[in-house]
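Sequences listed follow chains Y and E, in order. So in the working numbering, spot 293 of the first sequence is number 293, and the numbers just go up one at a time. So in the working numbering, spot 51 of the second sequence is number 1051, and the numbers just go up one at a time.
Think of the hints as simulated: they come from the structure by calculation, not from any bench. Remember, predicted model here, so these are calculated numbers, not experimental data. Backbone N, C-alpha and C fix where the C-beta goes; we use that ideal spot for every residue, glycine too. Be aware that one or more of the hints could be misleading.
Each computed DMTMM-like pair below joins lysine to aspartate or glutamate, with the alpha-carbon atoms no more than 25 Å apart [unchecked claim]:
{"no.": "1", "chain 1": "Y", "residue 1": "Lys228", "chain 2": "E", "residue 2": "Glu1069"}
{"no.": "2", "chain 1": "Y", "residue 1": "Lys378", "chain 2": "Y", "residue 2": "Asp517"}
{"no.": "3", "chain 1": "Y", "residue 1": "Lys317", "chain 2": "Y", "residue 2": "Glu232"}
{"no.": "4", "chain 1": "Y", "residue 1": "Lys240", "chain 2": "Y", "residue 2": "Asp517"}
{"no.": "5", "chain 1": "Y", "residue 1": "Lys228", "chain 2": "Y", "residue 2": "Glu249"}
{"no.": "6", "chain 1": "Y", "residue 1": "Lys230", "chain 2": "E", "residue 2": "Asp1034"}
{"no.": "7", "chain 1": "Y", "residue 1": "Lys317", "chain 2": "Y", "residue 2": "Asp169"}
{"no.": "8", "chain 1": "Y", "residue 1": "Lys317", "chain 2": "Y", "residue 2": "Asp225"}
{"no.": "9", "chain 1": "Y", "residue 1": "Lys240", "chain 2": "E", "residue 2": "Asp1034"}
{"no.": "10", "chain 1": "Y", "residue 1": "Lys317", "chain 2": "Y", "residue 2": "Glu336"}
{"no.": "11", "chain 1": "Y", "residue 1": "Lys230", "chain 2": "E", "residue 2": "Glu1035"}
{"no.": "12", "chain 1": "Y", "residue 1": "Lys228", "chain 2": "E", "residue 2": "Glu1035"}
{"no.": "13", "chain 1": "Y", "residue 1": "Lys484", "chain 2": "E", "residue 2": "Glu1069"}
{"no.": "14", "chain 1": "Y", "residue 1": "Lys484", "chain 2": "Y", "residue 2": "Asp225"}
{"no.": "15", "chain 1": "Y", "residue 1": "Lys484", "chain 2": "Y", "residue 2": "Glu232"}
{"no.": "16", "chain 1": "Y", "residue 1": "Lys388", "chain 2": "Y", "residue 2": "Asp375"}
{"no.": "17", "chain 1": "Y", "residue 1": "Lys470", "chain 2": "Y", "residue 2": "Asp169"}
DEER-style ranges, computed between Cβ atoms [claimed, not checked]:
{"no.": "18", "chain 1": "E", "residue 1": "Ser1029", "chain 2": "Y", "residue 2": "Lys470", "range": "31 to 41 Å"}
{"no.": "19", "chain 1": "E", "residue 1": "Leu1038", "chain 2": "Y", "residue 2": "Glu249", "range": "20 to 30 Å"}
{"no.": "20", "chain 1": "Y", "residue 1": "Asn315", "chain 2": "E", "residue 2": "Val1016", "range": "17 to 27 Å"}
{"no.": "21", "chain 1": "Y", "residue 1": "Asn235", "chain 2": "E", "residue 2": "Arg1074", "range": "57 to 67 Å"}
{"no.": "22", "chain 1": "Y", "residue 1": "Leu505", "chain 2": "E", "residue 2": "Trp1039", "range": "52 to 62 Å"}
{"no.": "23", "chain 1": "E", "residue 1": "Val1016", "chain 2": "Y", "residue 2": "Leu301", "range": "25 to 35 Å"}
{"no.": "24", "chain 1": "E", "residue 1": "Arg1008", "chain 2": "Y", "residue 2": "Gln335", "range": "19 to 29 Å"}
{"no.": "25", "chain 1": "E", "residue 1": "Arg1074", "chain 2": "Y", "residue 2": "Lys484", "range": "14 to 24 Å"}
{"no.": "26", "chain 1": "Y", "residue 1": "Ser222", "chain 2": "E", "residue 2": "Ser1029", "range": "22 to 32 Å"}
Taking beta-carbon pairs under 10 Å as the criterion, some of the chain Y residues facing chain E (in silico) [what the hints assert, rightly or not]:
{"no.": "27", "residue": "Gly219"}
{"no.": "28", "residue": "Gly251"}
{"no.": "29", "residue": "Met408"}
Here's the letter readout for the chains.
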Amino acid sequence: MNDVNWVQLSIVILIFGAVTAMGFMAARWRRTGDLESLDEWGLGGRGFGTFITWFLLGGDLYTAYTFIAVPAAMYATGAISGFFAVPYTIVVYPIIFIFMARLWSVSHRHGYVTPADFVGGRYGSRGLSLAVAVTGILATMPYIALQLVGMQAVFETMGLGGDNLLAKDLPLLIAFAVLAAYTYSSGLRAPAMIAFVKDGLIYLVIAVAILYLPHALGGWDSIFDAAKTKMETQNPATGKPTGAFIPGEAGYSAYWTLALGSALALFMYPHSVTAVLSTKNRNVVRRNAAILPAYSLLLGLLALLGFMAIKAQVNIKGLDGLNNPQLAIPRLFDQEFPSWFAGIAFAAIAVGALVPAAIMSIAAANLFTRNIYRDFLKPDATPAQEAKVSKLASLLVKFGALIFVLGMDKTISLNLQLLGGIWILQTFPAIVGGLFTRWFHRWALLAGWAVAMVYGTIRAYNVVNPVTGKHFGGSLANIPGTDKQAYIALTALVINLVVVIVLTLVFKALKVVDGVDSTHASDYTADAGDPGVKDLPELLDEGGATAKS
Amino acid sequence: MSKLSAVRPAYWIAGVVLAVSVVVPLLVSTYARDEPRLWGFPFFYWYQLMWVFISAITVSIAYQLVIREERRRRAAQGLGKPGEGAK
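Required output: the full structure, derived from the provided sequences and hints.
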């Protein structure tokens, strides 16, 4: 079992090496200014058009989540906890179409780089801005952790690691070091450049897998039938069916709330906002909303690899002797393909985890630098100091993610992302609400956020995995007062909104002072080239409105 | 500058089209069944994959509607065409 597959390993190292080299070269690519400034390091100079953005957003959104976590969930428990990702990625685009262009416009007129910048400027509240920043950083960590778990699964399948503590985590630490090194030196340019390679590799692997595997395994019919049989079999630990092949009536609310909650949450993540803000005009993101669904199709087909793994009866016992569903897909490739092709597939997965992890850590670092370091710690920081702090913060965020990987229940890694979703979605009222109306009171938003964060965290903590007995074992809980299950993020959002609305009415009636809005209605529709819409690098020198007010 | 005080029909249609593409894929009860199968795919699975294409089309329609309306509005205000400013 513990024999290293040298063919696979050499190919992965080769591709990994090439990609790393590209990352370092990317530092010189399409450069418009000095890399020592935050805008240049963290937003790639904000000059990306439709084509590059498509790759960047794709690189950002379709990750180890797609390649490992979703198929693993399909493999383990079927449609409800896995296939909801398809409606999730279908409904996310109409949603971002509606509000993202407004965020682009107002950000470019006021020099906002992060969602917290916008909230601070819109509501004149550093407290609210801080809440948004802290949530962004916190929620990003489990999402990065998911990427690391994906890479770990690949390395374990190649035979790296073992059952002693050091050997087990060594490959993870190496991947972590590579990621840290090239992100540190190249900023956002590195992942944008690598996204091309990554997507090319992924398309290749998927095309081969989808065309070849069903044929080799006896056709789609028999794959679905094998999955159906497994899902209907009783799980000895719980006495219930293993999973859902097609959701029954009791599963409807879980299915659609997972899809909708994830969709609303996705563009609250700082890294999604970073990618959108680095586009060159307000309509690039809308055009992308129309062409990004191509990725959803890939996601759907990849999810079904989980069912193929059931049919192929792959062995998911890890090197530590425990069953690990995250190994289902890498083991499927290992079992059904020649070593050299499995090596290419593994490289695709590893790079596919590396790129988004880099983008996410950069975005979280931007948040820290602008909304915590500059607003609270050192208001007169120079651009060079900001870039330096940001680079260090991106390292710290990665360490935070590593703690999530090592400390949490990994049986269903998808939960890591869903947990992040519970937190990040609570910034939705302040951000999206703020894009359309200034009616909400800043303290009401802060109170709604706090209540929902506490509620969501407690509910998630109380979900105990029946097999391992660990907390944070899932992201579904009954809607209070009913026996219907729903994604905790969405229930918490409803509570959040109720608190915000009620308290806004109260505060307005009591005439509690509301903050000063430094934006103007016309800011939300402005486009590149309009008066007041700044080009780079002027933006950075003036700084966001948050720092002043 | 007029805020969108009078919301134009184009925005309405785009809004409805987008709302449909969010709501319909979430009506689980309408597609949670096995039959009819297509190329071996249960209805539940192929129906949702089909929505990937429908959604790409509806979002494109919304894009065309909105962009045309914005061009008209911006021209009336003497601003440049959307997306063609700057360098």
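Tested hints:
Note on Lys228/Y and Glu1069/E: the hinted pairing is violated, with a Cα-Cα distance of about 49 Å set against a maximum of 25 Å. Using a Cα cut-off of 25 Å, the hinted pair Lys378/Y and Asp517/Y holds, with the two alpha carbons roughly 24 Å apart. In summary, the hint linking Lys317/Y to Glu232/Y is supported, as the alpha carbons are separated by about 22 Å, within the 25 Å threshold. Taking the CA atoms of Lys240/Y and Asp517/Y, the gap is about 54 Å. The hint is violated against a cut of 25 Å.
For the hint pairing Lys228/Y with Glu249/Y, the CA-to-CA distance comes to about 17 Å; that is within 25 Å, so the pair holds. Proposed proximity of Lys230/Y and Asp1034/E is supported: the alpha carbons are some 16 Å apart, at most 25 Å. Annotation: proposed proximity of Lys317/Y to Asp169/Y holds, straight-line Cα distance about 17 Å (limit 25 Å). The suggested pairing of Lys317/Y with Asp225/Y holds, with an alpha-carbon distance near 23 Å, which does not exceed 25 Å.
Of the supplied pair hints, the one linking Lys240/Y and Asp1034/E holds, its CA atoms being roughly 21 Å apart against a limit of 25 Å. At roughly 17 Å between alpha-carbon atoms, Lys317/Y and Glu336/Y fall within 25 Å of each other, so this suggested pair holds. As the CA atoms of Lys230/Y and Glu1035/E are separated by approximately 19 Å, the hinted pair is consistent with the 25 Å bound. Of the supplied pair hints, the one linking Lys228/Y and Glu1035/E holds, its CA atoms being roughly 13 Å apart against a limit of 25 Å.
Taking the CA atoms of Lys484/Y and Glu1069/E, the gap is near 43 Å; set against the 25 Å cutoff, the hint is violated. For the hint linking Lys484/Y to Asp225/Y, the alpha-carbon distance of about 28 Å lies beyond 25 Å, and the restraint is violated. Only pairs whose Cα atoms come within 25 Å are accepted, and Lys484/Y paired with Glu232/Y is accepted, the gap being roughly 21 Å. Simply put, Lys388/Y and Asp375/Y have alpha-carbon atoms about 16 Å apart, close enough for the 25 Å limit, and the pair holds.
Note on Lys470/Y and Asp169/Y: the hinted pairing holds, with a Cα-Cα distance of about 21 Å set against a maximum of 25 Å. Judged by the Cβ atoms, the range 31 to 41 Å given for Ser1029/E and Lys470/Y holds: they are separated by roughly 33 Å. Taking the beta carbon of each, Leu1038/E and Glu249/Y are about 24 Å apart, inside 20 to 30 Å as hinted. Taken as a hint, the range 17 to 27 Å is violated for the pair Asn315/Y and Val1016/E, whose Cβ atoms sit roughly 51 Å apart.
Checked against the hint of 57 to 67 Å, the C-beta distance between Asn235/Y and Arg1074/E comes to roughly 59 Å, which is consistent with it. Checked against the hint of 52 to 62 Å, the C-beta distance between Leu505/Y and Trp1039/E comes to roughly 55 Å, which is consistent with it. Range check, Val1016/E to Leu301/Y: Cβ separation about 30 Å, and the 25 to 35 Å hint holds. As the Cβ distance of Arg1008/E to Gln335/Y is approximately 58 Å, the hint placing it in 19 to 29 Å is violated.
Taking 14 to 24 Å as the suggested C-beta distance range, the pair Arg1074/E and Lys484/Y does not conform, at roughly 47 Å. With their beta carbons about 28 Å apart, Ser222/Y and Ser1029/E fall inside the hinted range of 22 to 32 Å. Residue-level restraint check for Gly219/Y holds (minimum Cβ-Cβ distance to chain E is 6 Å; threshold 10 Å). For Gly251/Y, the interface hint holds, since its Cβ comes within 10 Å of a Cβ in chain E; the closest pair sits about 8 Å apart.
Nearest Cβ of chain E to the Cβ of Met408/Y: about 29 Å, over the 10 Å cut. The hint is violated.
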